[in-house]
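As a plain string of letters, each chain reads:
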Amino acid sequence: MKHPLLRTAMAVGLAASGVFAHAETQVERGEYLTRAADCMACHTAKGGAPYAGGLPIDSPFGTIYGTNITPSKDHGIGLYNDDEFFAALNEGIRRDGANLYPAMPYTSYHRVTREDSDAIHAYLKTVEPIERAAPETSLGFPFNVRMGITAWNLLYGDGVPLESAEGKSEAWQRGQYLVDVLGHCGECHTPRGMTGAMQPDKRMMGAVLGGYLAPSLLANDLAERGWNQDDLSSFLKLGMSDQGAMFNEMYPVFHNSTQYLADPDLNAIATFLLGEQPPEAKVLTEVALDELSTSAQRGRQQYLNVCAGCHAVSGEGKPHIAVAMRGNTTLRLDDPRNLLRVIEDGIDEQQFTGFERMQPMPGFADKLDQQELTDLLNYLRQTWGGTDSDLALADVQALQQEAGSE
Amino acid sequence: MASRSLQLTLNGKSVDPADIPDDLLMIDYLHEYKNLTGSRLGCGQGICHACVVIVDNPDGTSEEVRTCITGAHYFAGKRVRTIEGHAIRDEEGKVSQLNPIQQRFVDEFAFQCSYCAPGFVNAATVLVEKLQRQPVAKSQLEKVVEDSLGHHICRCTGYVRYFSATRNVLTELGLVREG
Chain R
0 MKHPLLRTAM
10 AVGLAASGVF
20 AHAETQVERG
30 EYLTRAADCM
40 ACHTAKGGAP
50 YAGGLPIDSP
60 FGTIYGTNIT
70 PSKDHGIGLY
80 NDDEFFAALN
90 EGIRRDGANL
100 YPAMPYTSYH
110 RVTREDSDAI
120 HAYLKTVEPI
130 ERAAPETSLG
140 FPFNVRMGIT
150 AWNLLYGDGV
160 PLESAEGKSE
170 AWQRGQYLVD
180 VLGHCGECHT
190 PRGMTGAMQP
200 DKRMMGAVLG
210 GYLAPSLLAN
220 DLAERGWNQD
230 DLSSFLKLGM
240 SDQGAMFNEM
250 YPVFHNSTQY
260 LADPDLNAIA
270 TFLLGEQPPE
280 AKVLTEVALD
290 ELSTSAQRGR
300 QQYLNVCAGC
310 HAVSGEGKPH
320 IAVAMRGNTT
330 LRLDDPRNLL
340 RVIEDGIDEQ
350 QFTGFERMQP
360 MPGFADKLDQ
370 QELTDLLNYL
380 RQTWGGTDSD
390 LALADVQALQ
400 QEAGSE
Chain U
0 MASRSLQLTL
10 NGKSVDPADI
20 PDDLLMIDYL
30 HEYKNLTGSR
40 LGCGQGICHA
50 CVVIVDNPDG
60 TSEEVRTCIT
70 GAHYFAGKRV
80 RTIEGHAIRD
90 EEGKVSQLNP
100 IQQRFVDEFA
110 FQCSYCAPGF
120 VNAATVLVEK
130 LQRQPVAKSQ
140 LEKVVEDSLG
150 HHICRCTGYV
160 RYFSATRNVL
170 TELGLVREG
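Chains R and U, in that order, are what the protein sequence lines are. Following numbering that gives the first Met the number 0, the numbering of the first sequence begins with 0 at its first residue and continues without gaps. Following numbering that gives the first Met the number 0, the numbering of the second sequence begins with 0 at its first residue and continues without gaps.
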């Protein structure tokens, strides 16, 4: 048993810094913060060396490649000093004075503290230098003119204004820092305007990205979809909860970032997102077959034909194989596109913490026709999604067309 | 559980419509209703592929479908082949000639315990039929066999002989061109 004084000291340390008790050195803190800021996501190519760049990031303006941020002097950021690193992180200014493309979320990182920036830099200096150039980003005119970004920065460089922290608890404030600043969650969950900047009046209201909806993270919307604080923080820690498992873009976020966060930080995130007086999570009851629409009743047979083998006849799922449909948060989104995309495209096998995994889900784009897909969506959403909305064939066709035109 | 009428074609013969539970999985239908027990229930979760049958599509292509995770009614109106449907039988119903893949697997002792063999035979049959439409270049042979059979699991680890026998039978059937 630890000395009571030591335990108190650790507890105080945790509360004050919100990071691992063992993160004592600047490099250790930096490693933790680098995880929290999920630098890995963009600066590591699939199967590539950590932080060596090369990941293609599709934007409406062209493909932007994540850069090499290892300490390589020729190809990475080995020549950066702390001031230059801070300028890149906070202002989007490269060491040579050029503007970074705003794919680098410096409008979110704008409020990263100098102390944290130095710690992240200290950690990045310890990773293995990779002597290899990441592919050069080459956008078409006018987006290839980096000078143009200066004007953009004047308008948007400060990012979406943060909600006032006045009167808020320490946990809430820490959560805000993790969500809005380090975690840069708004980069996906806040819709962007024509110029590609996050829209301040639509903070965290959900946005479509790569054909999937990054859903609203507003407290009432989360509660409506069945989230409470415990489930939300355990979802970030384990990648899964009663509401389902991470997939699409959130899976690497979990894999590279949220699974490494300490419990106080995860709770802080949940406190910030759901609020200090969280709305009650809505609990749904299953709707009986004879209360469903005609289309949904037809959809039940599609469910039994191609889904129930893994998700089970009554929708309870199978551990380590397939998530439950009962209570699943994706079924509860008003927008059916994520459900449609998952059914059409499937999901690769996914590993979670420990030995937990979910096996691959096949895509059914070539197995179900449009009417069958519509019926299946209606069955899932009306039975377990708490909606009485009945999608028409044209709704599904429109979503497919939208996905195809991207 | 409610039931509904199911009609399909099994190994070239039309099956009379019968009342089948809505949620019956295809593997149980084959085993319990049609006494076709050659399709094997392995993992029961769509991974090992021991349970696959072949579905003949209207466009002339064929594909594998896993019966342990697919409902019987998915196959309504479809043409399905199981492992029992490949060999030629005499008037008494006894096997008189194996199909070229089955024969090659026997000749090369490709299978050991045989539990996975029906799935491998079906996968290789689908591959033969695909290459009959479009032969493969020799340089791509290894890859095409890997892509077609690689998702089948053999717990005796007999992959080398399965893959080798498949390459040989494809060559023997004239489905591999130079290049």
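Heads up, a few of these hints could be off.
[As the list claims (entries may be wrong)] Each computed BS3-like pair below joins lysine-lysine, with the alpha-carbon atoms no more than 25 angstroms apart:
#1 U:K12 <-> R:K366
#2 R:K45 <-> U:K142
#3 R:K366 <-> U:K93
#4 R:K167 <-> R:K124
#5 R:K317 <-> R:K366
#6 U:K77 <-> R:K366
#7 U:K77 <-> U:K129
Hints in this document: simulated from the structure, not taken from any laboratory.
To see whether the hints hold, each was checked on the structure:
Restraint check for K12 of chain U and K366 of chain R: satisfied, since their Cα atoms lie roughly 23 angstroms apart, inside the 25 angstroms limit. In summary, the hint linking K45 of chain R to K142 of chain U is supported, as the alpha carbons are separated by about 22 angstroms, within the 25 angstroms threshold. Proximity of K366 of chain R to K93 of chain U is assessed by CA-CA distance (about 35 angstroms); at most 25 angstroms being required, the pair is judged violated. Simply put, K167 of chain R and K124 of chain R have alpha-carbon atoms about 36 angstroms apart, too far for the 25 angstroms limit, and the pair is violated.
This hinted pair checks out: K317 of chain R and K366 of chain R have alpha carbons roughly 22 angstroms apart, not beyond 25 angstroms. Our distance criterion of 25 angstroms between C-alpha atoms is met by K77 of chain U and K366 of chain R, whose separation comes to about 12 angstroms. Restraint check: the Cα-Cα separation between K77 of chain U and K129 of chain U comes to about 19 angstroms, which is no more than 25 angstroms; the hinted pair holds.
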